[in-house]
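Please model the entire structure based on the sequences and the hints provided.
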Amino acid sequence: IDSWLRPDPESRNKRSVKDSSKLIERDEDGYVSGCENATTPIAYGDVFVTLEQLLNDIEYYKKSAWTKMIEDGLKLISQKTCIKFEKLNNSMENKEVKHLKFLHYGWGCGTLIGANGYNTSLEHSIYLDIDYCVTIGTVAHEVMHALGFHHEMIRADRNGSVWINFKDISDDMKRQYHRVNDTKQFNQRYDYGSVMHYPPEDYRSGMYVFRGPVLLLREPCPGC
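Everything in the sequence shown is counted per the UniProt record's numbering, starting at 1 for the first residue and increasing by one.
Read the hints as simulated data drawn from the structure, not as lab findings. Treat the hints loosely; a few may be bogus.
[Unchecked claim] Mimicking SDA-like on lysine to any residue, the simulated pairs with C-alpha atoms at most 25 Å apart in a straight line are:
1. Lys184 / His150
2. Lys167 / Val180
3. Lys80 / Phe186
4. Lys174 / Pro200
5. Lys62 / Lys75
6. Lys167 / Phe186
7. Lys75 / Leu112
8. Lys84 / Leu122
9. Lys101 / Pro200
10. Lys87 / Gly148
11. Lys184 / Asp168
12. Lys87 / Ala156
13. Lys80 / Ser161
14. Lys98 / His150
15. Lys87 / Leu100
16. Lys84 / Ala65
17. Lys167 / Pro200
18. Lys62 / Thr81
19. Lys80 / His145
20. Lys167 / Leu217
21. Lys75 / Ser161
22. Lys87 / Ser161
23. Lys174 / Gly110
24. Lys184 / Pro199
25. Lys63 / Cys82
26. Lys184 / Gly212
27. Lys101 / Leu122
[Unchecked claim] Have a look at the derived ranges for each label pair, beta carbon to beta carbon:
28. Gly114 / Glu71: 17 to 27 Å
29. Tyr132 / Phe166: 24 to 34 Å
30. Lys62 / Asn187: 41 to 51 Å
Note that CB positions come from ideal geometry on N, CA and C, so glycine has one too.
Next up, the structure:
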């Protein structure tokens with residue numbers, strides 16, 4: 001056998017149990033035995049963090065980015081509309097202000113449409129999974145639902161703009177494409193690029209089988 005394939009005998013040496021360090025004493029490498037659950041900050045590069053923070057990356061690292069994404073999503077709505085958002089503080093809580101509450105756990109990306117049915121509760125929950133609902137557009141989409149907006153492709157006048165191929169939509173998701181007859185358009189054209197519009201292939205059945213889109217345009221789409 002070639003020499004380079006032979007393991008270095010020293011690499012297989014194991015420390016004897018007799019040589020193990022006692023609790024709180026440092027071993028020959030400078031490590032302290034028994035401090036796996038220590039909460040005292042330790043150096044990690046130029047940042048001091050606890051072991052709990054190192055192990056719980058969702059709470060410590062992902063959540064700050066998640067919060068920033070929500071702020072940017074709200075800012076996007078404010079830039080395009082007359083709607084302004086204000087962060088809830090303790091004094092406002094005491095006045096029982098109706099508000100949106102963002103949660104990073106639960107059932108994916110979702111919320112209920114509008115405030116109807118929330119008369120007995122001040123919180124309107126918006127679920128944004130910390131791993132999967134990670135775009136500004138998703139935040140804006142769910143907040144618009146909470147404000148009472150339906151999906152663009154189910155508006156009452158959609159039939160002149162898109163055709164829905166129900167045959168290729170998953171049975172449990174066909175309801176997502178049912179037209180709502182009493183929506184108000186306020187003289188706004190159908191918007192193919194709306195943050196409330198689904199991509200052409202969303203909820204298509206047999207995603208791994210070649211199929212066409214479930215949303216087809218009926219008229220030219222400016223800028224598409």
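Worksheet item: Going straight from one Cα to the other, do lysine 75 and serine 161 come out at no more than 25 Å?
Response: violated (29 Å)
Discussion item. Against the 25 Å threshold, does the CA-CA distance of lysine 184 and proline 199 hold or violate the hint?
Written reply: Since the Cα atoms of lysine 184 and proline 199 sit roughly 22 Å apart, the hinted pair holds (cutoff 25 Å).
Item to complete: Please work out if lysine 184 and aspartate 168 have their alpha carbons no farther apart than 25 Å.
Response: violated (28 Å)
Worksheet item: Is the hinted pair lysine 87 and alanine 156 satisfied, with a Cα-Cα distance of at most 25 Å?
Response: Given that 25 Å is the threshold and the Cα spacing comes to 34 Å, the pair is violated.
Discussion item. With the threshold set at 25 Å, check whether the alpha-carbon distance from lysine 101 to leucine 122 stays at or below it.
Written reply: Cα-Cα ~9 Å, so holds.
Discussion item. For lysine 167 and leucine 217, compute the direct alpha-carbon distance and say whether it is at most 25 Å.
Written reply: Measuring from Cα to Cα gives roughly 17 Å; hence the hint holds.
Item to complete: Assess, step by step, whether the Cα of lysine 167 is no farther than 25 Å from the Cα of phenylalanine 186, and give holds or violated.
Response: Violated, because 31 Å separates the two Cα atoms, which is more than 25 Å.
Item to complete: Given the hint that lysine 87 pairs with serine 161, test it: the Cα-Cα distance must not exceed 25 Å.
Response: Given that 25 Å is the threshold and the Cα spacing comes to 38 Å, the pair is violated.
Practice prompt. Quickly compare the C-alpha distance for lysine 63 and cysteine 82 to 25 Å and report which way the hint goes.
Written response: With a Cα-Cα distance of about 28 Å, the restraint between lysine 63 and cysteine 82 is violated, given a limit of 25 Å.
Item to complete: Would you mind confirming whether the straight-line C-alpha gap from lysine 174 to glycine 110 stays at or under 25 Å?
Response: holds (17 Å)
Worksheet item: Given the proposed pairing of lysine 62 with threonine 81, does the C-alpha separation stay at or below 25 Å?
Response: violated (29 Å)
Discussion item. What's the verdict on lysine 87 and leucine 100, does the C-alpha distance respect the 25 Å limit or exceed it?
Written reply: holds (10 Å)
This entry does not satisfy hints 6, 9, 11, 12, 18, 21, 22, 25 and 26, going by the numbered hints stated previously.
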